[in-house]
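Q: Note that the protein sequences, when read in sequence, are chains E and S.
Okay, so the first sequence: first residue is 1 according to my numbering, each after it adds one.
Okay, so the second sequence: first residue is 1 according to my numbering, each after it adds one.
No lab work stands behind these hints, which were simulated from the structure alone.
Partial selection, computed: residues in chain E whose CB lies under 7 Å from chain S: (1) 21; (2) 22; (3) 73; (4) 165; (5) 168; (6) 184.
Using N, Cα and C, we set each Cβ at its ideal position, and we do this for glycine too.
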Amino acid sequence: MIKSLQKTGRCHVFGDSIPLDEGVMAFAFAIGRITDPAELIPHLFECIDPSFASRVMPGDFVVAGKDFGCGKPHFQGFIAMAALDMGVLCGSMPRTSLRGAISKGLPVLTGWSPQHLPISDGDVIEVSMETGMIKNITQKSSASVEPMPIVLQDIIRHGGVGGQLKGWLDQHPQLQLQPGAVSVLQQDIPIKWMKGAQ
Amino acid sequence: MGKAEQSGSPSSGRAMNATQKMFARACSRDWVTPGEVVYPDPELVIVHDGFVETAYKELTGLGYGRITTPEKVIFLTDHEVSYSSQRAVERGRNIRSIAKEWEVDQFFDVGRGGQGHIFPIESGLIRPGMFVMCYDMHCTNFGAVGALAMAVGPEVTSVLATGTIWTEVPHTINIRLQGQMPKGTHARDIGFLLSHGFASGRWAFNHDYRVIEFGGPGLVGFSLAARVALCNSITEMGVANVLFNEPPPGINVSGVPDFLSDPGATYEASIDFDLSHIEPQVALPGGPDRAANVADHVGRPVDHAVIGSCGSGMYQDFVDAAEIMRGRRIADRVRMFVVPGSTATAKRLANEGLTQVFIDAGAMILPSGCGPCAGGSMGPLGPGEVSIATAATNHTGRFGAKEAEIYLGSPLTVAASALSGCLADPRKSLQ
Chain E
1 MIKSLQKTGR CHVFGDSIPL DEGVMAFAFA IGRITDPAEL IPHLFECIDP SFASRVMPGD
61 FVVAGKDFGC GKPHFQGFIA MAALDMGVLC GSMPRTSLRG AISKGLPVLT GWSPQHLPIS
121 DGDVIEVSME TGMIKNITQK SSASVEPMPI VLQDIIRHGG VGGQLKGWLD QHPQLQLQPG
181 AVSVLQQDIP IKWMKGAQ
Chain S
1 MGKAEQSGSP SSGRAMNATQ KMFARACSRD WVTPGEVVYP DPELVIVHDG FVETAYKELT
61 GLGYGRITTP EKVIFLTDHE VSYSSQRAVE RGRNIRSIAK EWEVDQFFDV GRGGQGHIFP
121 IESGLIRPGM FVMCYDMHCT NFGAVGALAM AVGPEVTSVL ATGTIWTEVP HTINIRLQGQ
181 MPKGTHARDI GFLLSHGFAS GRWAFNHDYR VIEFGGPGLV GFSLAARVAL CNSITEMGVA
241 NVLFNEPPPG INVSGVPDFL SDPGATYEAS IDFDLSHIEP QVALPGGPDR AANVADHVGR
301 PVDHAVIGSC GSGMYQDFVD AAEIMRGRRI ADRVRMFVVP GSTATAKRLA NEGLTQVFID
361 AGAMILPSGC GPCAGGSMGP LGPGEVSIAT AATNHTGRFG AKEAEIYLGS PLTVAASALS
421 GCLADPRKSL Q
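Isolated chain E (complex conformation):
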């Protein structure tokens, strides 16, 4: 899968320092090791904007200020955003969070500020990760920031680290599952006796 580095979408605008835990997604999903997007999507930004999940559409952008995704590097929110084919435009992001988002296939462009290019909730923007050009189609304005680093562009083109790993497996067939192999996780584990079974 080769994904485009150019995206057009409708914006949801947030402020500075939106944390991952209790901001993008409740900590409970991280410690619960939940990775199924279908389970996560209804809870995206729920802690700070309870109606977000009812408004977001596939392909939308999250536009945020400085230090987006601060705090503990828990990426459940990014899994949900990537599954919705969203993008992020923000002022800055902690390094670990940025690489976490990219690894999930969520494109992020940093270096934006509202002074630089005003963007309001609901505006439609067009962003090129490759050139750093941002066009606000609704307000008919544009500005540019530093493009996405080349190493990150490659990951996004592959749809995230998973796409890259598929390519690696093709080149290293000795690592492939043998035909007929059964996942050890599919074995039925006969434990049904404990109270509070989850």
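Using the hints provided, position chain S relative to the given structure of chain E.
A: For chain S alone, coordinates are given in the frame of chain E:
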């Protein structure tokens, strides 16, 4: 305390800081430049029980039947040790099956090793000069012995599949410790103060994804436990790693590769930090950067107290706490958990009579591991309750209930507070 300034000598030729040296060695190169992207070859890859199943699901979902270098991989169980749910029992069984299928022989199952950022240091699995990659961010503890452990998070699946991952060589900030810590203070207090300084922009440098390298005369006399506590208490700020520019105390460094910065090595910034006037700290609920003098919060009632976890689970931490608790009883309304960082430390505490001190005081001994800090799967905190702990972090919900408050402190502060039933200044208990 000084201000940020550039240091390092341009005339030093190829002088390298410790980070550059360990990266260069892992890349089979003579030199790396901070900021460049490289693909280092780690000596070990460590994954804990919270992520083994996820990594397996992701890789088998992509069609992987094997991992690239199972001989370098360590699985360890520290987050949920004494299973308290059916899911935990299932997870334990699955991890055993995955270890077998992927031929991961270095597997420290429940009761075998202990907390994954403590026991590898004590057992010698982690040695000075090593370059390793780990799932969990608190692997920065390994900097205490002069090893560089890069936290790769969920991307450890890439490392398992391919043997490496793209990594930016981090810049290094040099913190020169000056003076001596007053009695009753602890390396964790330094960590909270520094975290607060970083978060509040006190110094004119960016700490995000930087290696913090400690040096200076103030470092003399730091135990290995103090180094671990310092590494741990500044990690949550998003630093890439923590190192020390002196050999680790009590560790044989003969024959290990060079792991110290060269004289004249270049740092992105340097500051002096005076230890001689610091006071015991607590990190207020919400994050380790929310440092405040304990003295300003004395009297806040606590329900729950914890010594241990990756924050302060070394033998010396329990010796320090026992000095305060010996012959005393914790307050009636407090439940206290002692979590040895390793099974070896648990044995030593028993052999040397310290377990008795804690039990006599009314504390409970948990199995070696993360204790309540892994989401409260053991010894959780209920809604409306207050804890004082040596844990790595005190973000919302970390010990269970979201409606609870977690204060962080040193082992001394936790011990003093458990005795009094309220946040307490350990200097008074040591008088």
